[in-house]
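Colleague: Here's the letter readout for the chains.
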Amino acid sequence: MRYLAEFFRYRDLLFWLTIKEIRVRYKSPLLGVLWAFLVPLCLSATLWIIFTRIIPVPMGKQPFFLFVILGIFPWNFFAQSVSTGTTSVLEAGALIKKTAFPKALIPLSVVAANFFNFLIALVVVIGFVAISSLAVSRWVWLLPVACLLGFVLTAGVVFFTAGLQVRYRDIKYLVEIGLLVGFYLTPIFYPLGLIAKAPPLLQSLYLLNPLVSLVELFRATLLGSTSGGILGSVWSVLGTATALSAAVFVVGLLVFRRRESGFADWVLG
Amino acid sequence: MGDIRLRGLSKVFAVSHEKPTLLRELMPRLMRSARLESRWALRDVDLDVAPGTSLGIVGPNGAGKTTLLSLIAGVLKPTSGTVHVDGRVATVLALGSGFHPELTGRQNVFLNGAILGMSTREIRRKLDAIVAFSELEASIDAPLRTYSSGMQLRLGFAIAAHSDFDILLLDEFLTVGDVAFQEKCLRYLEAARAQGKTLVMVSQVSALIEQLCDRAVLLVEGRLAVDASPHEVTDLYLQRSLDRHAQRDDASVRELDMMRQQLSRRVMSERFCGESVRRRAGTREGTGAIEISGVEFLDSADQPQSVFQTGDRCTVRARFIVRRAIPQARFGVAIFREADFAYVYGTNTMADGLTIPELAVGMGEVRLTIEPLWLLDGAYRVSAAWWDAASVVASDDPYAEASPYDYHIGAYAFQVIGPPGAAGVCYLPHQFDAADAGEAPSATLCVVINTGDPLMIGQDRAGSSRPARCVRIIREDGLECFSVLARGPVRIMQLNLLPARYWVCVDDRRPQELLVRPGRLEHGCVSLGHRWSLHCPGPQEALMEARPL
Chain A
1 MRYLAEFFRY
11 RDLLFWLTIK
21 EIRVRYKSPL
31 LGVLWAFLVP
41 LCLSATLWII
51 FTRIIPVPMG
61 KQPFFLFVIL
71 GIFPWNFFAQ
81 SVSTGTTSVL
91 EAGALIKKTA
101 FPKALIPLSV
111 VAANFFNFLI
121 ALVVVIGFVA
131 ISSLAVSRWV
141 WLLPVACLLG
151 FVLTAGVVFF
161 TAGLQVRYRD
171 IKYLVEIGLL
181 VGFYLTPIFY
191 PLGLIAKAPP
201 LLQSLYLLNP
211 LVSLVELFRA
221 TLLGSTSGGI
231 LGSVWSVLGT
241 ATALSAAVFV
251 VGLLVFRRRE
261 SGFADWVLG
Chain B
1 MGDIRLRGLS
11 KVFAVSHEKP
21 TLLRELMPRL
31 MRSARLESRW
41 ALRDVDLDVA
51 PGTSLGIVGP
61 NGAGKTTLLS
71 LIAGVLKPTS
81 GTVHVDGRVA
91 TVLALGSGFH
101 PELTGRQNVF
111 LNGAILGMST
121 REIRRKLDAI
131 VAFSELEASI
141 DAPLRTYSSG
151 MQLRLGFAIA
161 AHSDFDILLL
171 DEFLTVGDVA
181 FQEKCLRYLE
191 AARAQGKTLV
201 MVSQVSALIE
211 QLCDRAVLLV
221 EGRLAVDASP
231 HEVTDLYLQR
241 SLDRHAQRDD
251 ASVRELDMMR
261 QQLSRRVMSE
271 RFCGESVRRR
281 AGTREGTGAI
291 EISGVEFLDS
301 ADQPQSVFQT
311 GDRCTVRARF
321 IVRRAIPQAR
331 FGVAIFREAD
341 FAYVYGTNTM
351 ADGLTIPELA
361 VGMGEVRLTI
371 EPLWLLDGAY
381 RVSAAWWDAA
391 SVVASDDPYA
401 EASPYDYHIG
411 AYAFQVIGPP
421 GAAGVCYLPH
431 QFDAADAGEA
441 PSATLCVVIN
451 TGDPLMIGQD
461 RAGSSRPARC
471 VRIIREDGLE
481 CFSVLARGPV
491 RIMQLNLLPA
501 RYWVCVDDRR
511 PQELLVRPGR
521 LEHGCVSLGH
531 RWSLHCPGPQ
541 EALMEARPL
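If you read the sequences in order, they're chains A and B.
Sequence positions in the first sequence follow my numbering and run 1 to 269.
Sequence positions in the second sequence follow my numbering and run 1 to 549.
Read the hints as simulated data drawn from the structure, not as lab findings.
Keep in mind that the hints are not guaranteed to be accurate.
Said to hold, decoys possible - DSS-like cross-link-like pairs, simulated, lysine-lysine; straight-line CA separation at most 25 Å: (1) A/K20 x B/K126; (2) B/K184 x B/K126; (3) A/K97 x A/K197; (4) A/K97 x A/K172; (5) B/K184 x A/K20; (6) A/K20 x A/K172.
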């Protein structure tokens, strides 16, 4: 808890580190916002063309492409944060060797910068949902909670991988494999209901992937229903997502903290 | 606030030659276990820094200076021992760290300030002051990658200077930046000192430590070797690094290189003087306000003489007539070797610290008595001149020619008959010494001494297994200063050579570099013991000044 209080004390630094991350990605601020809009816009438009004009997938009353983009944007946020965040501490060598501040701010700023992009993507998604003239979901008030959980979960994973990467330089390859596998183990292009026929043990293992409940939560908030009754009601989806995200965050942070004091000995530069 | 207490502080770094990986950790046998060596960066350091102290840390590269600073800053955790730091710590960041090249200078101020623990509001309030201090108003909104390293340093220093710190850590901070900004930093640090802030700085620049610190420590191989006054510590450090493998240590190499350059410039100027005198030899210049009516060389019995023996007493007597009252004047004598107009020796009343009183109209006589005349076989030419002293004071260049009242260029001559077995320009009193001499600098490639110091030459590393036969000291520009045929090691009692870079050649062995430290005001290549006496018209009848070597 005291460690989290430290974050708060250094909130200005977190802010500027995040700004730095965003600025570095997009050279000019105006173009930056434009790109942040353009990328999800193009992706959504492509998926829209594919899943309505080329291969129309029948799926109840929700357009399938909305279903897909609600899975793919949270996933992209997660995957990009993890892959850039893993090496962030190692690469911030000069900073870590010369200055004393909570090192967790470095991966946290990477997550925050990606989160900024995700929020813009979310605006695009909301736009598409609005165009689709679906009734406003009664769970829409959970959207900020879903975003927060996504942030907490991603931060937890990044703490874990970034903390280990400093000492073990092959972690990033494991992370690449993990992300590749994770993509298929998350219901992005298929509805969760399809796992109903799997053996119960495999089913519960599958559900331990925190991204499953997170993606489901996002779909519930904007589309109003969960895909398949595996996780039960929206409340139980929320409960699962919260529990798993919190657990991942705590474990990740603890691992990071344990390793933090040794960072300056191991980082590059 | 502002005190630092370190107790039994040690830091060990694991030095791995390969990248550490999880695979290697899990399967050490499969991967041939990584060779992990540990290196002690610091060992058992106890250090108390009282609030308001300005502490300098010196030591060779790899001695643990930066590690010590990092431990105080809390960047590194000690392997053992405790660090107690009371108060806010600010670090003048090493070049580039804490800055991002793609952000503008202004954004970097916020980022860097936040790293130093300042709030955004605090930085916003101080932004103008920071920019003004760094003198980067024109380029503060340009990306940092367009900044020169000096500009980055200025920004970094300005930010640290404006953070509220009790303790300021500086690591090699004045390596770049122009002189004006360095001055500004120094003034700022002096002010911070006066305010009772604690400063801890690492620097290879001795002058900086001496100027800014009231205490210094010498770190050697991770241990606190000396804790004393800055002057003592820097002296000791310089001496130590010169003595021991001077050529390997970066800092002393830099210092030596600077000295070499300075000495080279001096030799160039000497040659230039000699050339200019050769061209104008026998001519006379000046306004004639003072007129030199005659120059004579007198022997020890005060009789005019034109041939001397090495080691004799030789008095240069110049009679002069003052035509109008002169408030400030100086008299100078220069000796050149006739064969090549090598500048052998030159001195003047001002360089010797002698102030000539106002000269009234009348006649006078000035005597320069050189004893012993340590010149070798050959013919020598002498210049004598009265100069306007005021015009010299204004110039920094010791070789700048002032406006002469009367300048007789290479107009007088004498001869020296030298002892057999010695050649060159000057005679260096010496003896052949078979006994081993403790000060033999045989282990180093470069010897640095002062004019007048003793020197031992020609001793083999493993004792004197092979006696030296010919010992020569040659100046950087090829001027042979002193050669002697020897039966063994030569002990030079007084190396009377003036500041320059010399090579000491023993037979056909590899020449050894010899640097004679700068700081002598005399010109030429040899320092000659001398004294002045002056009879001049005016209120003071006579004035005498002795100047022993």
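Colleague: Can you give the numbers of the hints that this structure goes against, from lowest to highest?
Modeller: 3 and 5
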